[in-house]
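Undergrad: The listed protein sequences correspond, in order, to chains L and R.
So the first sequence is numbered by my numbering: it starts at 1 and just counts up by one.
So the second sequence is numbered by my numbering: it starts at 1001 and just counts up by one.
Do not take every clue at face value.
Examples of chain L residues lying across from chain R (beta carbon under 7 angstroms, computed) [to be verified]:
| no. | residue |
| --- | --- |
| 1 | 41 |
| 2 | 42 |
| 3 | 45 |
| 4 | 46 |
| 5 | 48 |
| 6 | 88 |
| 7 | 99 |
| 8 | 102 |
| 9 | 103 |
| 10 | 104 |
| 11 | 105 |
Some chain R residues well away from chain L (every beta-carbon gap over 10 angstroms; in silico) [as the list claims (entries may be wrong)]:
| no. | residue |
| --- | --- |
| 12 | 1020 |
| 13 | 1028 |
| 14 | 1031 |
| 15 | 1042 |
| 16 | 1107 |
Just so you know, these hints were derived from the structure itself, not from any lab.
Glycine residues also receive a C-beta, built at the ideal position from the N, C-alpha and C atoms.
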Amino acid sequence: SQQGEEDPQALSIQEGENATMNCSYKTSINNLQWYRQNSGRGLVHLILIRSNEREKHSGRLRVTLDTSKKSSSLLITASRAADTASYFCATWATSGTYKYIFGTGTRLKVLA
Amino acid sequence: GAGVSQTPSNKVTEKGKYVELRCDPISGHTALYWYRQSLGQGPEFLIYFQGTGAADDSGLPNDRFFAVRPEGSVSTLKIQRTERGDSAVYLCASSFHDGYTFGSGTRLTVV
């Protein structure tokens, strides 16, 4: 089963615009990560945010976490064609299951 | 090795055949995970190893699926009597503390 749900499912923007993706999840979490996937193969870790953090930055990426709403967002600023990929959130529950559960993903297309 | 290595990268097999998928994790990573990803979906958890033992195999869909990690390093995912519905990308990840490092996956096609 999938814990999270990303919204929107697909997003198409022009190069230079900002892209915002949202993730909602169901259970209490210890931390949440965002991953990028190109061409349906290996996933690349982007950023990890812990349950006691509200916001983290890494380069052009900004992640927020609202544990009261069980949601997170990923903002990519000044997007580039190379950002075209699928983006997934993954949650690590506090219940001791010791695994990440992935959401359904947002397919981002950045048009040059 | 420097990264997680999965072999083969692509596997085409006939319905009913047996297949083995291999994962070579990052040296020293004690945790190893297998996920399966169908087209347009997120990765779905299959099984998790801590050392040599399967700590959580709750994601294995049925008894045709089995995985081993006999020496706490390389892992093999085994699928018996393959069905067309098993076609997917099988992803392996290893971990030491936070976060996973994923391999490039094995694309399994059952014809």
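Undergrad: Are the hints correct? Go through all of them and say.
TA: Hint-by-hint comparison with the structure:
1. 41: With a closest approach of 5 angstroms, the residue 41 of chain L hint holds.
2. 42: 4 angstroms, holds
3. 45: 5 angstroms, holds
4. 46: With a closest approach of 10 angstroms, the residue 46 of chain L hint is violated.
5. 48: At about 6 angstroms, which falls below the 7 angstroms cut-off, the nearest Cβ of chain R leaves the hint on residue 48 of chain L intact, so it holds.
6. 88: The hint holds - residue 88 of chain L has a Cβ within 7 angstroms of chain R, the shortest such distance being about 5 angstroms.
7. 99: 5 angstroms, holds
8. 102: Hint holds; residue 102 of chain L Cβ to chain R Cβ min 4 angstroms, cut 7 angstroms.
9. 103: 5 angstroms, holds
10. 104: Status holds, d = 5 angstroms.
11. 105: Holds. Min distance 5 angstroms.
12. 1020: 20 angstroms, holds
13. 1028: The assertion about residue 1028 of chain R holds, with a minimum of 18 angstroms to chain L.
14. 1031: 8 angstroms, violated
15. 1042: Nearest chain L Cβ is 4 angstroms from residue 1042 of chain R, so the label is violated.
16. 1107: 8 angstroms, violated
Hints 4, 14, 15, 16 from the earlier list are contradicted by this structure; the remaining hints agree with it.
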